[in-house]
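Position in the sequence shown (first residue = 1) + 134 = our numbering.
Hints were generated in silico from the structure; no laboratory data involved. Misleading hints may appear alongside valid ones.
[Stated by the list, open to error] Simulated DEER-style distance windows between Cβ atoms:
| # | residue 1 | residue 2 | range |
| --- | --- | --- | --- |
| 1 | Val253 | Ser284 | 45 to 53 angstroms |
| 2 | Leu164 | Arg288 | 17 to 25 angstroms |
| 3 | Ser284 | Val165 | 17 to 25 angstroms |
| 4 | Asp230 | Glu299 | 18 to 26 angstroms |
| 5 | Arg420 | Leu276 | 37 to 45 angstroms |
| 6 | Leu435 | Asp222 | 18 to 26 angstroms |
| 7 | Ala267 | Asp358 | 43 to 51 angstroms |
| 8 | Leu442 | Val254 | 22 to 30 angstroms |
| 9 | Tyr170 | Met275 | 19 to 27 angstroms |
| 10 | Pro266 | Pro373 | 33 to 41 angstroms |
What you are looking at is a predicted structure, and each value in this text was computed from that prediction instead of being measured. Glycine included, every Cβ here is placed at the ideal spot set by N, Cα and C.
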Amino acid sequence: MSNIAITDAGPSTAAKPLLTRLGAGFVSRLVIIVPYLWLLFFFFIPFIIVFKISLSQSAIAMPPYTPVLDFTDGISGFFAGFRDLNFDNYVWLTQDALYFKAYVTSVIIAAVSTILTLVVGFPIAYGMARAPATIRPTLLMLVILPFWTSFLIRVYAWIGILKPEGLLNQLLLSLHVINQPLIILNTYTAIFIGIVYSYLPFMVLPLYSSLEKMDYSLIEAAKDLGCPPTAAFWKITFPLSLPGVIAGCLLVFIPAVGEFVIPDLLGGSQTLMIGKTLWNEFFANRDWPVSSAVAVILLLLLIVPIMLFQQAQARAQEQDK
Numbered sequence: 135m136s137n138i139a140i141t142d143a144g145p146s147t148a149a150k151p152l153l154t155r156l157g158a159g160f161v162s163r164l165v166i167i168v169p170y171l172w173l174l175f176f177f178f179i180p181f182i183i184v185f186k187i188s189l190s191q192s193a194i195a196m197p198p199y200t201p202v203l204d205f206t207d208g209i210s211g212f213f214a215g216f217r218d219l220n221f222d223n224y225v226w227l228t229q230d231a232l233y234f235k236a237y238v239t240s241v242i243i244a245a246v247s248t249i250l251t252l253v254v255g256f257p258i259a260y261g262m263a264r265a266p267a268t269i270r271p272t273l274l275m276l277v278i279l280p281f282w283t284s285f286l287i288r289v290y291a292w293i294g295i296l297k298p299e300g301l302l303n304q305l306l307l308s309l310h311v312i313n314q315p316l317i318i319l320n321t322y323t324a325i326f327i328g329i330v331y332s333y334l335p336f337m338v339l340p341l342y343s344s345l346e347k348m349d350y351s352l353i354e355a356a357k358d359l360g361c362p363p364t365a366a367f368w369k370i371t372f373p374l375s376l377p378g379v380i381a382g383c384l385l386v387f388i389p390a391v392g393e394f395v396i397p398d399l400l401g402g403s404q405t406l407m408i409g410k411t412l413w414n415e416f417f418a419n420r421d422w423p424v425s426s427a428v429a430v431i432l433l434l435l436l437i438v439p440i441m442l443f444q445q446a447q448a449r450a451q452e453q454d455k
């Protein structure tokens, strides 16, 4: 009886590792599939809808455009709709200098804001990474604390600070630093201040993550070998923090290009950025096809360089191996 029991137990024990491997394989596939499903439903499908609208023509209707590639006439009507597609809205964007200026201005403002955010955020992240481990969670909470307040309220607060009779001018006048109020509100300076303040946590957190993992014994070794602190920073600290620098710059630059609230409230009516132009086309002019074409081009301007950069990095990593 004991031999029979041992013989029967063999297949069940052998099946357990197989079931374990199958379960682990399913979990690993699920972990990979979930982000792709997220991108499918919340990025790719909305992008296809916007791209389809950009190929239509505006009309006095609800929605205010002529439907294209519609399934109401069946599959045959859907494929027949390909003949009605046109790229007139994209041609229109190339003929109007307003959109080109808006794209260029948005990229320049976003690039300058990203550099300023990096300059301000790097010392903060470095100080947090070198701080005692007991107070790092508190410092991290202070960086995240602005997210607990509405983004719109924080931007409105800067209006009260930067306006001619605001807190900043009152402070400078009371200290006799200036003789008359500074004109900061409704200028590009106010836009830079608003973007740097609003997106600073997006720069600090990736930098802090990279700097915290760095082996600071390398800095001590460089000092023992006679390397000046400045040279040690550029040869050791900054190269090791590059992953955080790149991630932070992307997290700041991408939303800053399409920013609408900060330029509208702090930059005034004369500010020309693509986010504000897109809002005007969509809500004021109710030209959904043109606004969709503006959004598609903006997305391509952001996505294509990032994809090329990632491919270049992947090739560089393969060459290093």
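Verification of the supplied hints:
no. : hint                                 : in the structure
1   : Val253 to Ser284: 45 to 53 angstroms : 27 angstroms, violated
2   : Leu164 to Arg288: 17 to 25 angstroms : 38 angstroms, violated
3   : Ser284 to Val165: 17 to 25 angstroms : 34 angstroms, violated
4   : Asp230 to Glu299: 18 to 26 angstroms : 39 angstroms, violated
5   : Arg420 to Leu276: 37 to 45 angstroms : 44 angstroms, holds
6   : Leu435 to Asp222: 18 to 26 angstroms : 20 angstroms, holds
7   : Ala267 to Asp358: 43 to 51 angstroms : 24 angstroms, violated
8   : Leu442 to Val254: 22 to 30 angstroms : 28 angstroms, holds
9   : Tyr170 to Met275: 19 to 27 angstroms : 33 angstroms, violated
10  : Pro266 to Pro373: 33 to 41 angstroms : 26 angstroms, violated
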